[in-house]
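S.K.: Dock chains B, C and D against the given chain A, drawing on the hints supplied.
Protein chains: 4
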Amino acid sequence: MSDSLNQLAQRLRDFAQAREWGPFHAPKNLASALIVEAGELLEPFQWMTEDQSRALSPEQKEAVALEMADVLLYLVQLANELDVDLVEVAQRKIDINELRFPAKRR
Amino acid sequence: MSDSLNQLAQRLRDFAQAREWGPFHAPKNLASALIVEAGELLEPFQWMTEDQSRALSPEQKEAVALEMADVLLYLVQLANELDVDLVEVAQRKIDINELRFPAKRR
Amino acid sequence: MSDSLNQLAQRLRDFAQAREWGPFHAPKNLASALIVEAGELLEPFQWMTEDQSRALSPEQKEAVALEMADVLLYLVQLANELDVDLVEVAQRKIDINELRFPAKRR
Amino acid sequence: MSDSLNQLAQRLRDFAQAREWGPFHAPKNLASALIVEAGELLEPFQWMTEDQSRALSPEQKEAVALEMADVLLYLVQLANELDVDLVEVAQRKIDINELRFPAKRR
Chain A
1 MSDSLNQLAQ
11 RLRDFAQARE
21 WGPFHAPKNL
31 ASALIVEAGE
41 LLEPFQWMTE
51 DQSRALSPEQ
61 KEAVALEMAD
71 VLLYLVQLAN
81 ELDVDLVEVA
91 QRKIDINELR
101 FPAKRR
Chain B
1 MSDSLNQLAQ
11 RLRDFAQARE
21 WGPFHAPKNL
31 ASALIVEAGE
41 LLEPFQWMTE
51 DQSRALSPEQ
61 KEAVALEMAD
71 VLLYLVQLAN
81 ELDVDLVEVA
91 QRKIDINELR
101 FPAKRR
Chain C
1 MSDSLNQLAQ
11 RLRDFAQARE
21 WGPFHAPKNL
31 ASALIVEAGE
41 LLEPFQWMTE
51 DQSRALSPEQ
61 KEAVALEMAD
71 VLLYLVQLAN
81 ELDVDLVEVA
91 QRKIDINELR
101 FPAKRR
Chain D
1 MSDSLNQLAQ
11 RLRDFAQARE
21 WGPFHAPKNL
31 ASALIVEAGE
41 LLEPFQWMTE
51 DQSRALSPEQ
61 KEAVALEMAD
71 VLLYLVQLAN
81 ELDVDLVEVA
91 QRKIDINELR
101 FPAKRR
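Chains as they are written, first to last, in our numbering: chain A, 1 to 106; chain B, 1 to 106; chain C, 1 to 106; chain D, 1 to 106.
Among the hints, a few may not be true.
[To be verified] With a straight-line Cα cutoff of 35 Å, these simulated DSBU-like cross-link-like pairs (lysine-lysine) come out: (1) D:LYS93 x C:LYS104; (2) A:LYS61 x D:LYS104; (3) C:LYS93 x D:LYS104; (4) A:LYS104 x B:LYS93; (5) C:LYS93 x D:LYS61; (6) C:LYS61 x B:LYS93; (7) A:LYS104 x D:LYS93; (8) D:LYS93 x B:LYS93; (9) C:LYS61 x A:LYS93; (10) A:LYS61 x D:LYS93.
No lab work stands behind these hints, which were simulated from the structure alone.
Isolated chain A (complex conformation) (with noise of 0.2 Å):
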């Protein structure tokens, strides 16, 4: 995984560990916990059109932003739970997606 995310990870850990919530984090709850997240990140853009979402305010865009670290946060902790290299998976699926969806001819 990148340095920056190893970084986060650990912070995690300590700041897990140092409130004793280990026991809460199996990885069917952090799942929960990410798709709760993944709610509240679409949340603010449910009634937008699409144009109104690629011209959020900078007050809208800052409350984003933190919902996104939000997911990002318990999917760093779920592939801690679950020993999962988050970029190198992420690299594979965009090789698998390259050759499920072929780029057109130019």
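M.R.: Structure of chains B, C and D alone, referenced to chain A:
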């Protein structure tokens, strides 16, 4: 953002451009696609106990890892569209959580 | 659809019309709103054990019931927009599931 | 609850009992299954414009209707487990919304 997330972001930009998918990638749509993938990530866990979710078979773990990849890829694309630095905001969110949830005294 | 769901549907049509919310109620948006509410419904359960989720306090149950209401209200509004008979298709889906998942012999 | 929702609830109780699925149907798990289905319901809409989502083909509409059925079936089962009267709480939620979002004066 981290070098490895930047590389993912660049590869996803090239991927979308080669397929002319940019017009579909409004933040509203990317946030929808992200939660759809978060649902696919939760799906294998829905009837498991917490303990079972901690003891996935290699095949289950690989399937889950690929769903995690999908979530990360939409998160990176959303960050790209909104010009959000994912790692910076994630670090900032941990700062906020440290204030909200003080660690127990030892 | 059932009389009571029809009554809900009519009340929701009147509600949206009085507020001029019809233009926002594209099926895409209602499906987004529905999953946002489904996230709020899952939220109180995310760190619970299964047993804890079977033993909610009256206050927790009331909060959960109101989130269930939100899911139902968006489902009814989506059914209304798409002219779907919810109860008919639900009965039909159980028929399908009975074929997909045969009951154990006694 | 309405007669037709009661009929669905009874049929789902029989269905689960015949398959001995009761132990899996903790409210936590049903709320997870519900949001997984809500994701499958959102999936066909994710790249559509709002207008496209208002103009589904018969095949698209049938697929969407079956996903809506899945959401309703888990909602009814959750209501059953928690002894919630879905229609009563939905009516009550509309009452609350009428106070929160007063209609425009004419």
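S.K.: Each hint: holds or not?
M.R.: Quick rundown of the hints versus the structure:
no.: 1; hint: D:LYS93 x C:LYS104; in the structure: 40 Å, violated
no.: 2; hint: A:LYS61 x D:LYS104; in the structure: 30 Å, holds
no.: 3; hint: C:LYS93 x D:LYS104; in the structure: 40 Å, violated
no.: 4; hint: A:LYS104 x B:LYS93; in the structure: 40 Å, violated
no.: 5; hint: C:LYS93 x D:LYS61; in the structure: 14 Å, holds
no.: 6; hint: C:LYS61 x B:LYS93; in the structure: 30 Å, holds
no.: 7; hint: A:LYS104 x D:LYS93; in the structure: 50 Å, violated
no.: 8; hint: D:LYS93 x B:LYS93; in the structure: 33 Å, holds
no.: 9; hint: C:LYS61 x A:LYS93; in the structure: 41 Å, violated
no.: 10; hint: A:LYS61 x D:LYS93; in the structure: 30 Å, holds
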